[in-house]
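Visitor: Residues per chain are reported as follows:
2 protein chains.
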Amino acid sequence: MFEDFLKNQGSWLSGKGPESEIVFSSRIRLARNLSNLPFPLKATLKQKEEVLKQVKEAYACDKKLSKAQFIKLEDVDELDRQLLLERHLVSQEYVSSVKGKGLILSSDEEISIMINEEDHLRLQVLASGFDLKRSWSILNSIDDNLSRKLPFSFLPDLGFLTTCPTNVGTALRASCMMHLPALILTKRINKILELLTRISFTTRGLFGEGTQALGDFFQISNQVGLGLSEDELIENLIGVVNQVKGQEIDARETLLKKHKLSLEDNVWRALGTLKNARLINSKEALSHLSILSLGLDLGIIKDNDLSLSAPGRELLNRLFIILQPAHLQKIEDKPLSERQRDSIRATILRERLS
Amino acid sequence: MFEDFLKNQGSWLSGKGPESEIVFSSRIRLARNLSNLPFPLKATLKQKEEVLKQVKEAYACDKKLSKAQFIKLEDVDELDRQLLLERHLVSQEYVSSVKGKGLILSSDEEISIMINEEDHLRLQVLASGFDLKRSWSILNSIDDNLSRKLPFSFLPDLGFLTTCPTNVGTALRASCMMHLPALILTKRINKILELLTRISFTTRGLFGEGTQALGDFFQISNQVGLGLSEDELIENLIGVVNQVKGQEIDARETLLKKHKLSLEDNVWRALGTLKNARLINSKEALSHLSILSLGLDLGIIKDNDLSLSAPGRELLNRLFIILQPAHLQKIEDKPLSERQRDSIRATILRERLS
Chain A
1 MFEDFLKNQG SWLSGKGPES EIVFSSRIRL ARNLSNLPFP LKATLKQKEE
51 VLKQVKEAYA CDKKLSKAQF IKLEDVDELD RQLLLERHLV SQEYVSSVKG
101 KGLILSSDEE ISIMINEEDH LRLQVLASGF DLKRSWSILN SIDDNLSRKL
151 PFSFLPDLGF LTTCPTNVGT ALRASCMMHL PALILTKRIN KILELLTRIS
201 FTTRGLFGEG TQALGDFFQI SNQVGLGLSE DELIENLIGV VNQVKGQEID
251 ARETLLKKHK LSLEDNVWRA LGTLKNARLI NSKEALSHLS ILSLGLDLGI
301 IKDNDLSLSA PGRELLNRLF IILQPAHLQK IEDKPLSERQ RDSIRATILR
351 ERLS
Chain B
1 MFEDFLKNQG SWLSGKGPES EIVFSSRIRL ARNLSNLPFP LKATLKQKEE
51 VLKQVKEAYA CDKKLSKAQF IKLEDVDELD RQLLLERHLV SQEYVSSVKG
101 KGLILSSDEE ISIMINEEDH LRLQVLASGF DLKRSWSILN SIDDNLSRKL
151 PFSFLPDLGF LTTCPTNVGT ALRASCMMHL PALILTKRIN KILELLTRIS
201 FTTRGLFGEG TQALGDFFQI SNQVGLGLSE DELIENLIGV VNQVKGQEID
251 ARETLLKKHK LSLEDNVWRA LGTLKNARLI NSKEALSHLS ILSLGLDLGI
301 IKDNDLSLSA PGRELLNRLF IILQPAHLQK IEDKPLSERQ RDSIRATILR
351 ERLS
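Note that the protein sequences, when read in sequence, are chains A and B.
Going by my numbering, the residue at position 268 of the first sequence is 268; the numbering climbs one at a time, nothing skipped.
Going by my numbering, the residue at position 138 of the second sequence is 138; the numbering climbs one at a time, nothing skipped.
Keep in mind the hints are simulated off the structure, nothing from the lab.
Predicted, not measured: the structure shown is a model, and the values here were computed from it.
Don't take every hint at face value.
Identical chains blur together in the list; that is why a pair holds if it fits in one copy or across any two.
Stated by the list, open to error - Derived DSSO-like pairs: lysine-lysine, alpha-carbon spacing no greater than 27 Å straight-line:
#1 Lys334 x Lys260
#2 Lys56 x Lys334
#3 Lys334 x Lys258
#4 Lys245 x Lys46
#5 Lys7 x Lys46
#6 Lys258 x Lys7
#7 Lys46 x Lys191
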């Protein structure tokens, strides 16, 4: 399954979205539950299957969704589940067990719906670049269409009901994945993260809750979905992301003005290591790719220093994803030890970057 | 002065001596004093100048020495004194003050005589590779010729008299500079160094007493010059160097057999860094060059991975020397800050290695 994942890279990874140099991707997620069945946590397998059935019958009513795949998670083997996780299409909690779970996935990976994760439905739009309004308009329209066919739990005073009380209300979480290498290099990042927490935004690493900021990526999202409209929530996030983006741009200018030689040294060393290593783990590879991205953004290296086969930014985005463990095993079509992965990762980097 | 140092590299650096892969260079030094004048430590400036005068009148009696340059150290500016030090032709103590000091230096740098260092004369032969016997025969013949013209202090019971009592006797110190990267990588080096000390051999880093083992170089020398003949001292050192060499070869075989991929990773990463860095200090550069040398010795990289301009080993030996601070300033013909040196060092590496 998902053989296409190796050929294509998902539209959100194309690097073609608006302002995608610093705002890598935008994501909006809605939680919805059916009022005629218990939340997944309390549901029997039979009841979960009933949820699957109802959603399967309903989803084609939306034109965009009608071409999407409907997948039963128990038909997806472990490696492919890991692959979905590495592509940011599902959550860790979702893949931890398979019974009674389903996934609706558009071929460009922009739209996905997890069925019977924490809530009956978790609808997601994931787009390249800083593109929250268009993402919201897509998701809003899907939600409208589905709500005509499915009895979503909704109370006029509270809004949409969800398993976790923090999601009650709009049940909307919006986030942007930001690439902030200059804020890290100039050591300004911690102050900014603290400030964001104080004004009720959550920051996470590349793989959601509790993960480290691998590759200098930070996901910034709204913390509370209650008391504000969907449009207000999204506007607030846009405002905050714009401010952080301004800080990153400022830090990049500082680096160029005051530490150009050190920055060039960092960028070229990263390239030298990626082009020559014979063994490299994910974390190190991501960290060098991040500095290389920054070097591309700032014109320190040019596309043709990297590769003849693809524009540098697109290539790097692709590498960020395919160097992950499940992707490597999918490419090699067999289980691999950590050391084998480190070796194959290094080989792919040498092939793609020279 | 010493403009030639930038064009030529001294025969001892040619990498053409016997077994020079592991035994980088061989050195023999003799201490001699004139019986009619006090040791330099106790001598007045006038008496030191008398030593200079006597040696200057005498040295051309030796055919090999007759073409050598006679230099008064006070005519050598500070940068050039540093250059002599970096070329292993003089000692730190010698260049710390200039009055009343002289230097006799052959154009290929193989023969040098410090005048009024700790002793009146310190005669040195420095040769490429594992070449102690030929070196001793050259030095012995120079010593014989000079002793016919100069009244060397000698007591039949004690041998040659020297300022420092540990040198009394043959007043001979022989040493080999060994390149032992595999013993370091396999962590076997400390045991070997301990053993050498226990059997009365001294080990030092690249720049003599008290210096660190930069670039995985270790100098092994005899500790005591008393109680054995010159030939015995040299035979003993040859025996020990052969044993250490055997250990290094064994460690290299272990690396190739058991850790080939890690070793290749180390070697190629070193090359990647050297080819791409924009700022690099001496210590880091030497450490990468050392691994690169090992890679060349073991066939992991080939000459044409490194450069089209010179055989790899010769190029690396040359880089080991010219990347040092005084050499860089001589090349640029001006004083340089540490950061400027780091930048120029990186530029030279990129030019020479790609």
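Visitor: Next, verify each hint and record whether it holds.
Guide: Verification of the supplied hints:
For the homomeric pair Lys334 and Lys260, the shortest alpha-carbon distance between copies (23 Å) is at most 27 Å, but the shortest distance inside one copy (44 Å) is not. For a Cα distance limit of 27 Å, the shortest separation of Lys56 from Lys334 qualifies neither inside one copy, at 32 Å, nor across copies, at 78 Å. Taking the shortest Cα distances, Lys334 and Lys258 sit within 27 Å of each other only across copies (24 Å), while inside one copy they are farther apart (48 Å). In this assembly of identical chains, Lys245 and Lys46 lie within 27 Å of each other by CA distance neither inside one copy nor across copies; the values are 47 Å within and 74 Å between.
In this assembly of identical chains, Lys7 and Lys46 lie within 27 Å of each other by CA distance neither inside one copy nor across copies; the values are 37 Å within and 85 Å between. With identical chains, the CA atoms of Lys258 and Lys7 are never at most 27 Å apart, being 41 Å at best within one copy and 36 Å at best between copies. For the identical chains of this complex, Lys46 and Lys191 are neighbours neither inside a copy (49 Å) nor across copies (69 Å), given an alpha-carbon limit of 27 Å.
The structure shown violates the earlier hints numbered 2, 4, 5, 6 and 7.
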